[in-house]
Amino acid sequence: MTQTKDIKVNIKINNKDYSVSSSLTILEAAKLAHIKIPTLCKHEDLPPTANCGICVVKVKNNRKLIRACCTLVEKGMDITTHDGELYEVRKNVLELILSTHPFLCLTCLRNGNCELQKLAEEFGIREVPYNNIVKGGKTDTSTKAVVFDAQKCIGCGRCVEVCQEIQQVHALEFLDRGFNARIAPAGDIQLADSPCIKCGQCSAHCPVGAIVEFSQATQVWLTLRDETLHPVVQIAPAVRVALGEGFGLEPGALLTGQIYAFFRRIGFKAIFDTNFGADLTIMEEGSELIERLVHGKGTLPLITSCCPAWVDFLEKYYPDLIEHFSTAKSPHEMVGALSKTYYAEKMGIDPGKIFMLSVMPCTAKKFEIARTADMHSSGYQDVDVSITTRELVRMIKTSGVNLLDLEDEKADSVLGSYTGAGTIFGATGGVMEAAIRTAYFLVTGKELENLDVEDVRGLKGVKRATVDMNGKKIRVAVAHGIGNVREVCEELRECKASGKPMPYDFIEVMACEGGCIAGGGQPYQVTNKIRTMRSKGLYNDDGKCELRCSHHNKEVQQLYKEFLDKPLSDKSHHLLHTKYIPRPIYYK
Amino acid sequence: MIKQHVFVWDPTPSNSSAVYNYLVKKVNERDLGESIEVYRSTYIGLTSGTPIIRILPKNIIYTKFEQEDLGEIFESIVSDEVVDRFICEYDAKLAPVSERDKQSKQFKIVLRNVGYLDPESIEEYISRGGYKALEKAIFEMDPDRVIKEIKDSGLRGRGGGGFSTGLKWELTRKEPGAEKFVICNADEGDPGAYMDRAVLEGDPHTIVEGMAIGAYAVGCKEGFIYVRAEYPLAIERLEKAISDAKKYGLLGDNILGSEFSFNLELRWGAGAFVCGEETALMASIEGKRGNPKPRPPFPSQSGLWKKPSFINNVETWANIPPIVEKGSGWFSSIGVGRSKGTKVFAVTGKVKDPGLIEVPMGTTFREIVYDLCGGILDNKKFKAVQTGGPSGGVIPEKFIDMSVDYETLMSIGSMMGSGGLIVMDQSDCMVDVNKFYLQFSVDESCGKCAPCRIGGKQLLDLISKITDGKGDKKDIQKIKNISNAMQKASLCALGQTTPNPVLSAMHYFEEEYMEHISDKKCRTGKCSNLVQYMIIPEKCIGCTACALKCPVKCISGEKKKPHIIDQKFCIKCGECFNACKFNAIVRG
Chain A
1 MTQTKDIKVN
11 IKINNKDYSV
21 SSSLTILEAA
31 KLAHIKIPTL
41 CKHEDLPPTA
51 NCGICVVKVK
61 NNRKLIRACC
71 TLVEKGMDIT
81 THDGELYEVR
91 KNVLELILST
101 HPFLCLTCLR
111 NGNCELQKLA
121 EEFGIREVPY
131 NNIVKGGKTD
141 TSTKAVVFDA
151 QKCIGCGRCV
161 EVCQEIQQVH
171 ALEFLDRGFN
181 ARIAPAGDIQ
191 LADSPCIKCG
201 QCSAHCPVGA
211 IVEFSQATQV
221 WLTLRDETLH
231 PVVQIAPAVR
241 VALGEGFGLE
251 PGALLTGQIY
261 AFFRRIGFKA
271 IFDTNFGADL
281 TIMEEGSELI
291 ERLVHGKGTL
301 PLITSCCPAW
311 VDFLEKYYPD
321 LIEHFSTAKS
331 PHEMVGALSK
341 TYYAEKMGID
351 PGKIFMLSVM
361 PCTAKKFEIA
371 RTADMHSSGY
381 QDVDVSITTR
391 ELVRMIKTSG
401 VNLLDLEDEK
411 ADSVLGSYTG
421 AGTIFGATGG
431 VMEAAIRTAY
441 FLVTGKELEN
451 LDVEDVRGLK
461 GVKRATVDMN
471 GKKIRVAVAH
481 GIGNVREVCE
491 ELRECKASGK
501 PMPYDFIEVM
511 ACEGGCIAGG
521 GQPYQVTNKI
531 RTMRSKGLYN
541 DDGKCELRCS
551 HHNKEVQQLY
561 KEFLDKPLSD
571 KSHHLLHTKY
581 IPRPIYYK
Chain B
1 MIKQHVFVWD
11 PTPSNSSAVY
21 NYLVKKVNER
31 DLGESIEVYR
41 STYIGLTSGT
51 PIIRILPKNI
61 IYTKFEQEDL
71 GEIFESIVSD
81 EVVDRFICEY
91 DAKLAPVSER
101 DKQSKQFKIV
111 LRNVGYLDPE
121 SIEEYISRGG
131 YKALEKAIFE
141 MDPDRVIKEI
151 KDSGLRGRGG
161 GGFSTGLKWE
171 LTRKEPGAEK
181 FVICNADEGD
191 PGAYMDRAVL
201 EGDPHTIVEG
211 MAIGAYAVGC
221 KEGFIYVRAE
231 YPLAIERLEK
241 AISDAKKYGL
251 LGDNILGSEF
261 SFNLELRWGA
271 GAFVCGEETA
281 LMASIEGKRG
291 NPKPRPPFPS
301 QSGLWKKPSF
311 INNVETWANI
321 PPIVEKGSGW
331 FSSIGVGRSK
341 GTKVFAVTGK
351 VKDPGLIEVP
361 MGTTFREIVY
371 DLCGGILDNK
381 KFKAVQTGGP
391 SGGVIPEKFI
401 DMSVDYETLM
411 SIGSMMGSGG
421 LIVMDQSDCM
431 VDVNKFYLQF
441 SVDESCGKCA
451 PCRIGGKQLL
461 DLISKITDGK
471 GDKKDIQKIK
481 NISNAMQKAS
491 LCALGQTTPN
501 PVLSAMHYFE
511 EEYMEHISDK
521 KCRTGKCSNL
531 VQYMIIPEKC
541 IGCTACALKC
551 PVKCISGEKK
561 KPHIIDQKFC
571 IKCGECFNAC
581 KFNAIVRG
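Protein chains in written order, with this note's numbering: chain A, 1 to 588; chain B, 1 to 588.
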């Protein structure tokens, strides 16, 4: 490209003058001017695929209409975004798209929250004059995490873009040609047999109901009818700062107390917090790091394993790096295992009667809860059902409870309290920051003075830093978004192959860009701006916490004293750790 | 004795040609390899249903011989004699090299060597003045001068679009960056078009030389020829041409001892029509799915591997050496208006002598159809000619004296296209022809963008509905709406031009369209669902000719008594209609 970034150019949009950066597309420039150019394929978070053809605009002296989504503004451009001709073309295209869509709106998971439905409403489409030709066969529910219904797919290509370019997993692909061109798992097999890592980014970016989370809200409601059960719930860090978006609040609005209250209202007997599990993870994983770092037991760098999509990816794509993996389970699995052992024992409840629900920003957690036999360490499935933030939004709406009217409530002991270190687990760099706070103490015996580790915060794809712990230099890296993670994995692979020393001691990985706050189960329309706002919500929560280091968590301390003895004890190993095995990328 | 060069053209695939195999065997048996060389040729300047032999240097052409005559022909070659009774009479399509023959109306620039030299011999190419233009460019002209020459010549892209070749080169040259690519589009795919194949198989060095000149002018070190895999002989000969040119120092480092270095590689296309679209072609070379990309950025800014790149098709490249050698003034003196030089057409359909012709721009359809191709088959009446293949339009009889050039064709709703020219007579149904082209475009759409993927299919369904006799007047508006969406909102030229044949046929043959819709009638009988064959009892003498011909045996009756057609089983093939000598069968 010849254009230099960020030069201001003068353009005209609908006969009004604007001065905008030359790095903007026509679509973005129009948005700044508060003009909405309709589109179905362009997602603010992704590069344009230019597939839908609805965003066409007129540019003076151009014979053809121009796609606003992928055309940069140029000096002197005279743009028309809305007129009779454009209305007609867009409506014609929209009618064509609708002609291949099944009219199942009333029973669709995206009913009321669908970009195609909304556009059809805005264009006042009252009939589709063409044959309704719907392609695609049976809905693919094989992963039990993300559900793919090819019938509803409009071929916008967002999911392929995010799966191939951002995540670089290549589970989804365009197959066939012409009218039969369609999106499907690579090789035209079931998703569960494909390279899919269940991150769910496809479902978070899909404009319609073609790829959605494996919805279990109904199952939860029905389970609550069984009065012999003892339902308990835990909420992941990232859920509390994104849930509000489903109720018209700004991203980052903190709703911890309201969510606790909601679950009490609908009958949950104990409200736990995954943040407690996060604190516990730091104790286990931090101790593991010290073992490897100070006592030379095990391989460095140590890599975090809280993210199930990342675990799946590593087992499939980088099984040679398994020895670097922390054996610690993810926080929600720890809470799950302890709820059916420690909590059950303490309360004198039959663990078989405990129903453990986890609310996660993530679709891969649905897959994780049955990943291996280790997820039954309590003797029962440690977490019974995992739902996403989006499902929680729907549950709250179903319940008739007005979330925003609820008073803040507190979580229940003995798995409910958390420190600031636990809450920032939801943002990229958060696990690393929490680990540094505690590792510093474990290595030096002293508390870290400045607890804000700015070097590992923010949305840069790979963040690298060196932390001085009493003269000992710890080299860390933080990667999020599998595409960026690959870069680090390749670095490690190369060092291994060439015998060069490893560049890091500790690596944090989250599969989704921005971390769990932008997980595959979070509310739609995520952008970097929203990622930043949600992260800020978590860092604010951290800042307000009285205790900000995991090793200060009183309930964690009590847990070790009463039940686990110490980090990495035999009991810890049994309940809180797991193993990894190499897996094929394709099962078929 | 002078060495005899024997070229064999055979309608059967050249590697299984009995004529070629016989002659080669004979030459080997008699050990005459020194004095006789036999070549496979795909183009001699003639097209015929039977094999053709051309003997150079005397330019003797034999047709109308049988397999058993080959012995005699061979002996005549050995003894350097002529067998008069096999000699082909003068044919308009055999024009002297590079000179306008007033009688033939042909003018050969692109096809100047095709059929006149051994395509596998670089020596022969050089001996006919080959690579002189490259030498001239490198040693007597600087790159800007070469570009100016091409610009001044008025040469426009022969692949369909008609963009100025010199301007394209200049734009690419002006882009910053050391790495640029030159590409030859040899992915010819229009139904009935084989102009490029003739050049690739008959004169591959012209392409190599043309591309080397282009690379020198624009500043490329690397180039690619994207050739379809269905052209195995073209691939074989291009490979040989490239390796021979390297041996002679005409490709590779320091060409002809100069500072200029250039390497050329082949890439095979797998048969997708859309890969002839330049951005899809580049994606395919990169190893990706052959989907078009939005423009801008144009390939000249960001093309192959995001480097500045330019593409010309085979015919365009073949024009380059003569222009450089003879100058822009010579070239621009040929042709008409803004359309300079010549155009090669592959004339097929209902003409007596179908084949390849090269004529100056501005020649009329009448000259092409009647003077060069012998007029309409069976002396039927001319109805229309389709130019531009599936992207073009039909040209009705009233325009038969119109000049064939870019502007004129555009002005009447068609386009030059790559040079496929299909002639239709009164027995061709325009709606049926539209269905054929639409089916082609629908199959060959990449399926990426919605207007083309869905629009093409819906359009085809509507046209099929009309040919099935289920058409409705409202369908006309629907066709117009879909066409509007496709033309204005499709991403690439394939989708933008798919409705062209339909729109032009609806315009020029409105009456015929309306007949199908309102009267449920097809005047040609091509639309079988609109046809009914009936026997008029008064005229039927019971000769049984029709009953014998009927492939489904649905005609019954006693000998010498009127027969009857069972409409339930009739497949409307028209065999009975053609068989009846008494006009007793009517089509209605």
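Honestly, I wouldn't trust all of these hints.
[Claimed, not checked] What follows is a list of derived Cβ distance ranges for each label pair: (1) A:Gln168 to B:Asn28: 38 to 48 Å; (2) B:Glu123 to A:Gln168: 48 to 58 Å; (3) A:Asp468 to B:Asn254: 55 to 65 Å; (4) B:Gly271 to A:Arg225: 34 to 44 Å; (5) B:Ser258 to A:Arg583: 29 to 39 Å.
Read the hints as simulated data drawn from the structure, not as lab findings.
In this text the structure is predicted, and so the values were computed from the model without any measurement.
In this text, a Cβ means the ideal position worked out from N, Cα and C, and glycines have one as well.
Here is how each hint holds up against the structure:
no., hint, verdict
1, A:Gln168 to B:Asn28: 38 to 48 Å, "violated (57 Å)"
2, B:Glu123 to A:Gln168: 48 to 58 Å, "holds (51 Å)"
3, A:Asp468 to B:Asn254: 55 to 65 Å, "holds (57 Å)"
4, B:Gly271 to A:Arg225: 34 to 44 Å, "violated (59 Å)"
5, B:Ser258 to A:Arg583: 29 to 39 Å, "violated (57 Å)"
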